[in-house]
Amino acid sequence: MRRRRKARKAGANFASYLFMLLTAFICAFPFLWLLMTSFKSGENVYSLSFFPENPTVQAYFDVFKLLNIGTMLKNSLIIAGTGVGLNILLAALCAYPLAKMDFYGKKLINNALLATMIIPAAAGLVVNYITIQNLHLQGNFWGVILPNSVNVFTIILLRQAYLSVPRELLESARIDGAKELRVWWSILLPQILPSVLTAVIMDFINKWNMFLWPLLILDVDQYPVATGLKHISNSFNYKFTNVAAGTVLAVIPVIVLFLLFQKEYINNTVGGVKG
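Using the working numbering, the letters of the sequence shown map in sequence onto residues 5 to 279.
One should not assume that every hint holds.
[Stated by the list, open to error] Calculated pairs, PhoX-like style, for lysine-lysine (alpha carbon to alpha carbon, straight line, at most 25 Å): (1) K183 with K69; (2) K78 with K243; (3) K267 with K69; (4) K110 with K183; (5) K234 with K78; (6) K234 with K104.
[What the hints assert, rightly or not] Listed next, with one range per pair, are the computed distances between beta-carbon atoms: (7) V61 with S168: 47 to 57 Å; (8) V61 with R8: 16 to 26 Å; (9) P59 with M105: 42 to 52 Å; (10) Q266 with L167: 54 to 64 Å; (11) A19 with F54: 20 to 30 Å; (12) D106 with R186: 39 to 49 Å; (13) F35 with Q195: 48 to 58 Å; (14) N213 with A28: 32 to 42 Å; (15) R171 with A125: 30 to 40 Å; (16) I30 with I259: 10 to 20 Å; (17) G109 with L197: 23 to 33 Å; (18) K267 with I113: 40 to 50 Å.
Keep in mind that the hints were calculated from the coordinates and are not lab data.
Just so we're clear, the structure is a prediction, and the values are computed from it rather than from any experiment.
Glycine included, each C-beta is placed from N, C-alpha and C at the ideal position.
Work out the full structure, taking the sequences as your base and the hints as a guide.
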């Protein structure tokens, strides 16, 4: 009986791992196909074979020569890095009183923040464009960064993380003479670091992949990767390998960021699902 149970358990585990492996391959297949395409030559780019017959890295050299991909990557890093930093700072400060302070209208503010998530992002394009135009920020990175500097989802995520921190820690710090900013910086933030890193990953991906808003605000030489690749893809009708190589290079920073913080991201996500 024990052997049968062990055999059944081993068979169930094997089936589970096989199913997860198949699911992972299906999810990753578009990127893997794009990666393989970037190593193909112009003659076999449209073939149905997954692996290139004559692999070459010429497309990557063409990308740096024709697309100025280095400048676009730098623009994306400036926009995404500055935007994420502002978002985490402002959202963390905003979520602190909503989670740990009692004041009149607190529930109304929470409900208003939740209600704003229903509004589609496209609804604010005209208002934001007029505002940026009046501030004379067209053709400036700040014109892209400021309208997206605070994310309501990040505020809600950090607020929920703050709620899990015991009030006794804050009270003891206040008794020792710590001011509110010191309590926030030294007590609360270290306690919710996994949630902060989760917010960093999610917000970085969103800002890295921004397309429409930079297209409206910035000049061509200021485009980030997502906008730049789409803008110039029409010139590569017969050189799809260059577009594939540029896309692979654009995805690498996101993959590196996720690999660095994947442990905190997975733990925070699993904890949120259990809660």
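Quick rundown of the hints versus the structure:
1. K183 with K69: violated, 54 Å
2. K78 with K243: Within the cut-off at roughly 24 Å; holds.
3. K267 with K69: Roughly 37 Å between the alpha carbons, so the hint for K267 and K69 is violated.
4. K110 with K183: holds, 21 Å
5. K234 with K78: holds, 17 Å
6. K234 with K104: violated, 45 Å
7. V61 with S168: 47 to 57 Å: holds, 48 Å
8. V61 with R8: 16 to 26 Å: At roughly 54 Å between Cβ atoms, R8 and V61 fall outside 16 to 26 Å, so the hint is violated.
9. P59 with M105: 42 to 52 Å: violated, 60 Å
10. Q266 with L167: 54 to 64 Å: At 25 Å between Cβs, range violated.
11. A19 with F54: 20 to 30 Å: holds, 26 Å
12. D106 with R186: 39 to 49 Å: Violated, since D106 and R186 (Cβ atoms, about 20 Å apart) do not stay within the stated range.
13. F35 with Q195: 48 to 58 Å: For Q195 against F35, whose Cβ atoms are near 35 Å apart, the range 48 to 58 Å is violated.
14. N213 with A28: 32 to 42 Å: 22 Å Cβ-Cβ, so the 32 to 42 Å window is violated.
15. R171 with A125: 30 to 40 Å: holds, 36 Å
16. I30 with I259: 10 to 20 Å: The hinted range 10 to 20 Å holds for I30 and I259, with Cβ atoms some 18 Å apart.
17. G109 with L197: 23 to 33 Å: holds, 30 Å
18. K267 with I113: 40 to 50 Å: Given range 40 to 50 Å: violated, Cβ gap about 33 Å.
Going through the hint list in order, the structure does not satisfy hints 1, 3, 6, 8, 9, 10, 12, 13, 14 and 18.
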